[in-house]
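Produce the complete structure using the sequences and hints provided.
Chains as they are written, first to last, in numbering that gives the first Met the number 0: chain P, 0 to 396; chain C, 0 to 396; chain Z, 0 to 396.
Keep in mind that the hints were calculated from the coordinates and are not lab data.
Any given hint could be a false lead.
One copy or two, it doesn't matter: identical chains are merged, so the pair holds either way.
[What the hints assert, rightly or not] 25 Å max Cα-Cα, derived BS3-like pairs, lysine-lysine:
hint : residue 1 : residue 2
1    : 2         : 240
2    : 146       : 323
3    : 134       : 297
4    : 5         : 323
5    : 377       : 317
6    : 2         : 146
7    : 358       : 134
8    : 14        : 394
9    : 186       : 12
10   : 394       : 241
11   : 146       : 12
12   : 394       : 146
13   : 186       : 307
14   : 358       : 146
15   : 2         : 14
16   : 14        : 241
From a predicted model like this one, the values you see are computed outputs, not experimental measurements.
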Amino acid sequence: MSKTEKLTQRLEKLKTNGMYRNDFYWTWDKSGDELEAIFAVADALRDLRERNISTRVFDSGLGISIFRDNSTRTRFSFASACNLLGLEVSDLDEKTSQIAHGETVRETANMVSFMADVIGIRDDMFIEEGHKYQKTFMDALDEGYEKGILEQRPTLVNLQCDVDHPTQSMADLLHVIHTFGGVENLKGKKVAMTWAYSPSYGKPLSVPQGIIGLFTRFGMEVTLAHPEGYEVMPEIEEIAKKNALASGGAYRKVTSMEEAFQGADIVYPKSWAPFKAMERRTQLYRAGDQAGISQLEKELLAQNAQHKDWTCSEEMMKRTKDGKALYMHCLPADITGLSCEAGEVDNSVFDRYIVPLYKQASYKPYIIAAMIFLSKVKDPVAALRRMEAEGRLRKAF
Amino acid sequence: MSKTEKLTQRLEKLKTNGMYRNDFYWTWDKSGDELEAIFAVADALRDLRERNISTRVFDSGLGISIFRDNSTRTRFSFASACNLLGLEVSDLDEKTSQIAHGETVRETANMVSFMADVIGIRDDMFIEEGHKYQKTFMDALDEGYEKGILEQRPTLVNLQCDVDHPTQSMADLLHVIHTFGGVENLKGKKVAMTWAYSPSYGKPLSVPQGIIGLFTRFGMEVTLAHPEGYEVMPEIEEIAKKNALASGGAYRKVTSMEEAFQGADIVYPKSWAPFKAMERRTQLYRAGDQAGISQLEKELLAQNAQHKDWTCSEEMMKRTKDGKALYMHCLPADITGLSCEAGEVDNSVFDRYIVPLYKQASYKPYIIAAMIFLSKVKDPVAALRRMEAEGRLRKAF
Amino acid sequence: MSKTEKLTQRLEKLKTNGMYRNDFYWTWDKSGDELEAIFAVADALRDLRERNISTRVFDSGLGISIFRDNSTRTRFSFASACNLLGLEVSDLDEKTSQIAHGETVRETANMVSFMADVIGIRDDMFIEEGHKYQKTFMDALDEGYEKGILEQRPTLVNLQCDVDHPTQSMADLLHVIHTFGGVENLKGKKVAMTWAYSPSYGKPLSVPQGIIGLFTRFGMEVTLAHPEGYEVMPEIEEIAKKNALASGGAYRKVTSMEEAFQGADIVYPKSWAPFKAMERRTQLYRAGDQAGISQLEKELLAQNAQHKDWTCSEEMMKRTKDGKALYMHCLPADITGLSCEAGEVDNSVFDRYIVPLYKQASYKPYIIAAMIFLSKVKDPVAALRRMEAEGRLRKAF
Numbered sequence: 000m001s002k003t004e005k006l007t008q009r010l011e012k013l014k015t016n017g018m019y020r021n022d023f024y025w026t027w028d029k030s031g032d033e034l035e036a037i038f039a040v041a042d043a044l045r046d047l048r049e050r051n052i053s054t055r056v057f058d059s060g061l062g063i064s065i066f067r068d069n070s071t072r073t074r075f076s077f078a079s080a081c082n083l084l085g086l087e088v089s090d091l092d093e094k095t096s097q098i099a100h101g102e103t104v105r106e107t108a109n110m111v112s113f114m115a116d117v118i119g120i121r122d123d124m125f126i127e128e129g130h131k132y133q134k135t136f137m138d139a140l141d142e143g144y145e146k147g148i149l150e151q152r153p154t155l156v157n158l159q160c161d162v163d164h165p166t167q168s169m170a171d172l173l174h175v176i177h178t179f180g181g182v183e184n185l186k187g188k189k190v191a192m193t194w195a196y197s198p199s200y201g202k203p204l205s206v207p208q209g210i211i212g213l214f215t216r217f218g219m220e221v222t223l224a225h226p227e228g229y230e231v232m233p234e235i236e237e238i239a240k241k242n243a244l245a246s247g248g249a250y251r252k253v254t255s256m257e258e259a260f261q262g263a264d265i266v267y268p269k270s271w272a273p274f275k276a277m278e279r280r281t282q283l284y285r286a287g288d289q290a291g292i293s294q295l296e297k298e299l300l301a302q303n304a305q306h307k308d309w310t311c312s313e314e315m316m317k318r319t320k321d322g323k324a325l326y327m328h329c330l331p332a333d334i335t336g337l338s339c340e341a342g343e344v345d346n347s348v349f350d351r352y353i354v355p356l357y358k359q360a361s362y363k364p365y366i367i368a369a370m371i372f373l374s375k376v377k378d379p380v381a382a383l384r385r386m387e388a389e390g391r392l393r394k395a396f
Numbered sequence: 000m001s002k003t004e005k006l007t008q009r010l011e012k013l014k015t016n017g018m019y020r021n022d023f024y025w026t027w028d029k030s031g032d033e034l035e036a037i038f039a040v041a042d043a044l045r046d047l048r049e050r051n052i053s054t055r056v057f058d059s060g061l062g063i064s065i066f067r068d069n070s071t072r073t074r075f076s077f078a079s080a081c082n083l084l085g086l087e088v089s090d091l092d093e094k095t096s097q098i099a100h101g102e103t104v105r106e107t108a109n110m111v112s113f114m115a116d117v118i119g120i121r122d123d124m125f126i127e128e129g130h131k132y133q134k135t136f137m138d139a140l141d142e143g144y145e146k147g148i149l150e151q152r153p154t155l156v157n158l159q160c161d162v163d164h165p166t167q168s169m170a171d172l173l174h175v176i177h178t179f180g181g182v183e184n185l186k187g188k189k190v191a192m193t194w195a196y197s198p199s200y201g202k203p204l205s206v207p208q209g210i211i212g213l214f215t216r217f218g219m220e221v222t223l224a225h226p227e228g229y230e231v232m233p234e235i236e237e238i239a240k241k242n243a244l245a246s247g248g249a250y251r252k253v254t255s256m257e258e259a260f261q262g263a264d265i266v267y268p269k270s271w272a273p274f275k276a277m278e279r280r281t282q283l284y285r286a287g288d289q290a291g292i293s294q295l296e297k298e299l300l301a302q303n304a305q306h307k308d309w310t311c312s313e314e315m316m317k318r319t320k321d322g323k324a325l326y327m328h329c330l331p332a333d334i335t336g337l338s339c340e341a342g343e344v345d346n347s348v349f350d351r352y353i354v355p356l357y358k359q360a361s362y363k364p365y366i367i368a369a370m371i372f373l374s375k376v377k378d379p380v381a382a383l384r385r386m387e388a389e390g391r392l393r394k395a396f
Numbered sequence: 000m001s002k003t004e005k006l007t008q009r010l011e012k013l014k015t016n017g018m019y020r021n022d023f024y025w026t027w028d029k030s031g032d033e034l035e036a037i038f039a040v041a042d043a044l045r046d047l048r049e050r051n052i053s054t055r056v057f058d059s060g061l062g063i064s065i066f067r068d069n070s071t072r073t074r075f076s077f078a079s080a081c082n083l084l085g086l087e088v089s090d091l092d093e094k095t096s097q098i099a100h101g102e103t104v105r106e107t108a109n110m111v112s113f114m115a116d117v118i119g120i121r122d123d124m125f126i127e128e129g130h131k132y133q134k135t136f137m138d139a140l141d142e143g144y145e146k147g148i149l150e151q152r153p154t155l156v157n158l159q160c161d162v163d164h165p166t167q168s169m170a171d172l173l174h175v176i177h178t179f180g181g182v183e184n185l186k187g188k189k190v191a192m193t194w195a196y197s198p199s200y201g202k203p204l205s206v207p208q209g210i211i212g213l214f215t216r217f218g219m220e221v222t223l224a225h226p227e228g229y230e231v232m233p234e235i236e237e238i239a240k241k242n243a244l245a246s247g248g249a250y251r252k253v254t255s256m257e258e259a260f261q262g263a264d265i266v267y268p269k270s271w272a273p274f275k276a277m278e279r280r281t282q283l284y285r286a287g288d289q290a291g292i293s294q295l296e297k298e299l300l301a302q303n304a305q306h307k308d309w310t311c312s313e314e315m316m317k318r319t320k321d322g323k324a325l326y327m328h329c330l331p332a333d334i335t336g337l338s339c340e341a342g343e344v345d346n347s348v349f350d351r352y353i354v355p356l357y358k359q360a361s362y363k364p365y366i367i368a369a370m371i372f373l374s375k376v377k378d379p380v381a382a383l384r385r386m387e388a389e390g391r392l393r394k395a396f
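Have a look at this one:
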């Protein structure tokens, strides 16, 4: 029996109808079955592609990408995922104001969607804005579809907002699942999601929030660690606590990197900006207060600099399980002695984990493709089986 | 009988051979049959797509887009149209001088066209330049094809020049046809194409010119209204007059928005720059006279500001037929109280017409696709029938 | 027998297995059989396309392009080649430092390649850097593929480096082959690859190097001519000498344009920067020495200006074989009296050769496609035969 057939049999037992024609904002909106379905479909698409079997769902159609921040990794992941399914990417290059008016979004949303099957949006710069933008955009498409403006309702893949970064956290988790030999082996695994020093400032909170909001659902013992003042959104911590309770795992918060790393199976040390500061920044941008923004930046860099000891050094790694925890990062990392003088991780640590780090990243195109697949294909089980049975070659010669 | 079959039967009665391998510059170059053929094919392609039937003509091939102005709507419409037919868009991002030398255009034209099936050009900034650029470009391709440099002669879709904006006016008219229940119901309908105040300056004339040059061909009574000094090109007015005579409609010009709106079935209030000022601007750009350009801009804004009463207010709308004329705009509009303090239209009027406005825009991708289809497909009737009969799915699962 | 079948029979006799899954850096890495195979496949793909037969190898897949310099011609050639074979182009728009760190390249290379089949890189700005960048990039992909990060190892097409410009020189040679009626007619033909004056500075050396490194392999008598101080890389001259010896041709260097043009069958007059100056420039960029760069630029322009007599004038052309040598240029040229006051070539000469010049350029998309084809298709002979036999239409209607 092929790997794809095994995965399809697993998929068959999961309830996934809720995903059809639906958007993907946050992992905590989705049921356990739905998340598992994404993993199964991602692995199946990868297996088919490795065996040179075409996984095109579409003969033509567009995937619209909107990157309100710079991006290389996610941009190429989205482009790859769309191409894998037969969609052409058309990028909306907004050079307009960062905090757009509701009405303008409503118009733009409809204007780019006449033949769009998927919308991928990255908007993580502004606390309280990123998700709102995505929601406003998709609500406009609901209206456009209902009123007969659009022939189809494109579905959303959240490519990062101010709250969650689901394509990242899901790719991360699939990497963990494969590293530990299956989702059934995750129970009790200790995860340290920790802040780390970086010479830059203002990195989004969506990664730590995405990780604690997702990893707590699989019975793992998740520790969030950061210096005082680097709090994440309290409502996401609430979600993490509830998840942990439901899954038989644990969630705790500490203010010491050492404590978080102690005995950890998995470590994810990464810089982010304090939530409160990001709220202030949003208000300063709204007010167009450039002086205030510069002042805030200075303060944040000074504040960061007080915590240079929060770094994933060789010493720190020794505290982890057998000194060999799985080191994770969403990339690119600030690497001490390579890309900066003092950063998130020692060069020697980073270098030792390069292969697993790149593998971690390699899941993102498939996760995105699986999200699109499950929102577009009515009967995903039948579709995977037909793809395999028909065996159309991706490369014909 | 399917909608597509009905449209195909209509298409069968029209003489369209002249469109095969031909360019689309201006609507007034085309016969009535040819314009109707575009509407029929646009509706048929839309019907097929709505029924999930693939409308790919091409297995591979390129659509080259050249946007010498910013664009979102037309860019996505062109990308959608190409994708619908199986062409990949390759964008030529010119960052060279606005007014290019003939020789350079000749070279560029050939260099980007080795595997191009379609060329879409937008060049509306400079009076007396936009059309000339397109013509020079396509003449170079004629030469390239004749001399064996190119294996195929790509055909042009004018995505807006200084004279006409045919993909806009054709999409607008298809919207009107559907709103009034068929082309046969247009006779005698009163259309007000009027200038409106906007806080910006220098908007192209190709929209009003495109509208009066096209709408007069269907027996409608078209009124062009603008303050003194906002004349459009006189030769286009001549075309409008002749069209009206031939179609049994009417064309007149007035200098009062109120008069134009009186009893109108359709209103299209929109800002544009005076033709004479645009000629001056072209000369100033040619001379590289920055001071002169700034001075002209100031004068134009001051001139505009004298006509703030030219706005599509609720009061103005009450003058129209039953107070319920179809309000049209090519978007984006300058909306009083939303995007600016005083603009082309009251927010309450605009908001009431949002659904028809977005529907109006939704025809553009299909109009462009139909233009490409009719210039590339030798037997469009047979092609549509085969597409429907074969019924290849656009989305396979 | 079709042209494609004839070409396929020629291909059948060539040893090409070394090209499968291999990169294309430099023509001198490749055997004579391999170069001939590229010409045969390029001509076959062109023949099939001219007969409306689809040459898609891929049902989906990405071609990644990285242009570290501006480019129009090569960009469209790469896009055309990818599209012809069924690959979608995804462009990596690097706005980072020119001289990147090894580690960063390693990461970028893997991150963009998860679903990439081909990588096209242009990096010709910096002597000793361009090739190094490509090599570092591809070594990283070797590692990525070996370690299971990538499912496939994308292959490289060098779209120009500091050393060679193989897609240019191969397209140039295919043009020469067709102009002279076959590769067997090249023996003894006199080629003048000469420097020419241009009002700009710093043009890459990869074109003259590519030409002397390739044209010497076919028994031609190649003369490199330039003023003192405009030396090319000595190791490439060594390659040219060895090639000439092996092929029964000749290679010599002179310091007079007149001498080089005397009796030439083919002339290729083109500006380039002195190798030594380019080395200095690389060092200045590395040191971030802006003042030094400006100073060097001034010196080079002054040095150029001493050689305004190195121009392809009508008088110069009279010296060539019957006054009718084949004039070649990679385009765009600096044309005296058209694009500049004094440049590489007289307008009257350039204009007389426009058709052959554009034809010369028209081979590049097919050369690139052939390079991709031979590195991706295991049995190219069988593939071409199946393409022709199946006869799937590129344009279906």
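Hint-by-hint comparison with the structure:
no.: 1; hint: 2 with 240; in the structure: neither (35 Å within a copy, 56 Å between copies)
no.: 2; hint: 146 with 323; in the structure: between (57 Å within a copy, 19 Å between copies)
no.: 3; hint: 134 with 297; in the structure: neither (33 Å within a copy, 40 Å between copies)
no.: 4; hint: 5 with 323; in the structure: neither (31 Å within a copy, 61 Å between copies)
no.: 5; hint: 377 with 317; in the structure: neither (49 Å within a copy, 48 Å between copies)
no.: 6; hint: 2 with 146; in the structure: between (43 Å within a copy, 21 Å between copies)
no.: 7; hint: 358 with 134; in the structure: between (32 Å within a copy, 22 Å between copies)
no.: 8; hint: 14 with 394; in the structure: between (33 Å within a copy, 23 Å between copies)
no.: 9; hint: 186 with 12; in the structure: within (21 Å within a copy, 61 Å between copies)
no.: 10; hint: 394 with 241; in the structure: neither (47 Å within a copy, 39 Å between copies)
no.: 11; hint: 146 with 12; in the structure: neither (36 Å within a copy, 33 Å between copies)
no.: 12; hint: 394 with 146; in the structure: between (41 Å within a copy, 23 Å between copies)
no.: 13; hint: 186 with 307; in the structure: neither (33 Å within a copy, 69 Å between copies)
no.: 14; hint: 358 with 146; in the structure: between (44 Å within a copy, 9 Å between copies)
no.: 15; hint: 2 with 14; in the structure: within (20 Å within a copy, 38 Å between copies)
no.: 16; hint: 14 with 241; in the structure: within (22 Å within a copy, 65 Å between copies)
Going through the hint list in order, the structure does not satisfy hints 1, 3, 4, 5, 10, 11 and 13.
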